[in-house]
Amino acid sequence: MRSYLLRRLLLLVPTLLGITLVTFLLMVLSPGSPTEILRGPDSMSAIDEELLNRFRAEHHLDQPVWRQYVHWLGKSVRLDFGRSFRDNREVWRLIRERLPYTLILNFNALVLMFLLSLPLGWLSALWRGRWFDRSTATVLYLLYCLPNFAVALILQILLASHWHLLPLHGTSSTFAGDMGSIGLLGDRIRHLLLPTICLTYGGLAYLTRFARAGLLDSIQQDYVTVARAKGLSHRVVLLKHATRNSLIPLLTLIGMLIPALIGGSVIIERIFSWPGIGRLFFTAVEGRDYPVIMGLTTMSALLSLGGILASDLLYAWADPRVTYRRGISP
Amino acid sequence: MASSPSRFPAFSPASLGWIVILAAALHCAPVDHPSGNDGDWLVIPIPKDPGSLNFIIARDRMSKQVARLVADSLVDHNEKLEMVPRLAASWEVSGDQKTITFHLRKGVRWHDGVPFTADDVRFTYEKIIDPAWGAVSKVSQFKEVKRIETPDPLTVRVVYRNRYAPGLLAWETPIIPRHIFENEEIGTSPHNRSPIGTGPYRFQSWETAQEIVLVANPDYWGVLPDIQRIVFKVIPSKNTLYRSLLAGEVDLATLRPEDWIELGKRPDAGRFRLLKYSTLQLAHVAWNGDGSFPAFSDPRIRRAMTLLIDRRTYLEKVRLGFGEVASSLFPANMLGHDPDLAPLPFDPEEAETLLDESGWRVDPDRGLRIKDGTPFRFRLTTVSGIEWQETFAAFLQESFRKAGIRMEIRKLEWNSFLSTRGRGQYQAALGIWTLDLDPDGAYQVLHSSMVPGSNIVSYRNPEVDRLLEKGRRELKSSDRDRIYREIGLLLAADQPYTLLFFFAAPLAIDSRFENVKVSPLGLFLWYPANLDWRVPEQKQKYGSTGIIHGR
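Going down the list, the protein sequences come from chains A and B.
15 is the number that this note's numbering gives to position 15 of the first sequence; each next residue is one higher, with no gaps.
1054 is the number that this note's numbering gives to position 54 of the second sequence; each next residue is one higher, with no gaps.
Treat the hints as calculated values from the structure; they're not laboratory data.
Take the hints with a grain of salt, since some may be wrong.
To be verified - One side only, chain B facing chain A, incomplete, derived with CB under 8 Å:
id, residue
1, G1051
2, R1059
3, W1221
4, T1434
5, G1441
6, Q1538
Note that CB positions come from ideal geometry on N, CA and C, so glycine has one too.
Using the sequences and the hints, build the whole thing.
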């Protein structure tokens, strides 16, 4: 197990290098340049070319691409991701400022997704082929097909503009500072609801199918037959044996979920004026803010790779049949 | 086999998850709004954060808006675009017209109580020209300054190398405090995000990507504004902005023409005052004259292209009347404006004659104009996702097709568009200028020394060059006016750019505000602008505690 872990960790290094290199090349070689944001999109007034050249030299933009990359790499292995071209603040500071907002939104969405889809999936499996199964599938697929920006608009118009049930956008009300801590908390939760719904509904179809398939698979296993043969009730067999084991394949999802937690949604954050990672990334790409783009990419690459590793390890831990020892497993 | 449920994160007791959520909700720093005086608040939407609130290095529109509230400049302009005093109570120009002497206001203090003096003005100048500060957009306005003298704390004497007409306008730059910045590293100064000025509002807080809050400065040297608090709310989406205006979350918004018209028809339309004003934003087509499409080097062809475009119909049908056909680079209220200079008409027959004369004849088999075997087929570069550019490009395509000209549309994301166009890698491009208040702005886009550079069309006309050089050395307004009128006529003949239209902005503002005036610069970018606004007591919406009065 330890040598397996070591091997995987060593493999992380070239993978990470590859990801950052490809991102860097795509970014630098694509049209557009960081200096355009200094120039301004529509101004007639003069821009000092000397200063632009100084900016390029200061940020090594006048050097060959490979040297720019080596320079970036040299700094980032020391965990220095540089400063944003846009406001000259450290990249980690920008990320730290936005991360809590994205985390809370995505965490809620994920929890909600699991809370809804696991029972739905299990019930569908139990009543396979019956009306519940078929109607859940139809409804969830319909939801899956709806683009979230359209749903966001409809929800805004109905719930916020028309019925005044929920706030339209933002993280808190303009005058929230005067509400007291309980009121403030309520205000913040109310602001969370619409974006959370928009991020949740699309994933339900996928997870529900996953849970349904997992349970169907478990029910057909020998141990279930054995348990029934021992005389255990249908209920106990399902709840204690089958559902638990049907969760094991879900562990593979964790690898995908961890990066999903921190990766913001550009569209939803924009519609709901949510100050998360998605908008930070969007602004960075717009302005060709290389340090921010690279910082965010590296962070999500690290988390994705870590997530995949974690899910593989968890798998072995949860299911004794899986081992990572060399040779033939018993 | 028996594994406890807690080993599956997704299955952990829901309550635990909610505690984390609540904790995180509390962690997202609460916005602090301490009580102020009555007099109501003003909530202004902005599409994104300013890059910086160091007003010397900042360059976007959002920071300009904040700058003129928190900081002061020596001079400013009013809604008619005339120069008015601000921190300088008065100024005079020397006999040789190479020196401006500013007499500063007495008793002005920075927000931290330190007195404002001539040293702050000189410091501001020194930092603008200091390459380490990288004041990219300001430095060129101060290149002609030879030195700055401060004979006493209330006098600033600016000596220029040559006579320089736009020199005075440059002093609309916000003045920054020397005592704050002189010992700070510019890149990392905390004051880049928490400015100190002498202006009518004090900076209070900035929540990144959410809001910037300013509160009235009770010690302001000028007339104290009635509005006690100004909140800039970041709202990136146009749809959300419109809904948010209807919900009363923001007090004003520049809308899309169709939303503006819809708003006027609503039963509660009385809640808003609907304004429409002509801006200084000039849409144009740049015809690249560097030979990338040879026809565009010929002024006759460029003239024909302009004659083929029915700008009026486009404005009426597509922009719903929000715009005005442009006749020259110098709009009303500006030097060089020539009321007799009419825009080129929509005249396809005249255009076809010009095209025929210059050798581009229609090949009847293909329905396409051809000269020496080259078909008249070119590409127009535009920015994707900008509504008027999308609709106008399609409109152009159709207009030219009827005259036997094929136009392809190349849409680029805006940063790519700017750098592609800046390098001259285009044949024709749609663009927009926000005009400078001084007609010398034309120097940038027309003088031959700006090739390569901001003269993106490679326009070279020795007579225009001469007049542009003369225009910036002449200080007498009547003479300058004549010079720029002449330039206007030459450009009308040459058509290096097809000037399309000045956009009109559809604006809605909560009707509780009184004294609201607009200028071609909008609601805010002049003096005193919103400093004069007031809300009658019975209509006030936000009180000292911030609770909304029953509305």
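Query raised in the report: Hey, does the B/T1434 contact hint survive, CB to chain A under 8 Å?
Result: Hint holds; B/T1434 Cβ to chain A Cβ min 5 Å, cut 8 Å.
Query raised in the report: Should the interface hint for B/W1221 be scored as holding, given a Cβ-Cβ cut-off of 8 Å against chain A?
Result: For B/W1221, the interface hint is violated, since the closest Cβ of chain A sits about 29 Å away, which is over 8 Å.
Query raised in the report: If you take the shortest Cβ to Cβ gap from B/Q1538 to chain A, is it below 8 Å?
Result: violated (20 Å)
**Report entry** Cut-off 8 Å, beta-carbon criterion: hint that B/G1441 touches chain A
**Finding:** holds (4 Å)
Requested in this report: Would you settle whether the hint for B/R1059 is holds or violated, based on the nearest Cβ-Cβ distance to chain A being less than 8 Å?
Outcome: Holds, about 6 Å.
**Report entry** Hint check: 8 Å Cβ-Cβ cutoff, B/G1051 to chain A
**Finding:** holds (5 Å)
The earlier numbered hints that this structure contradicts are 3, 6.
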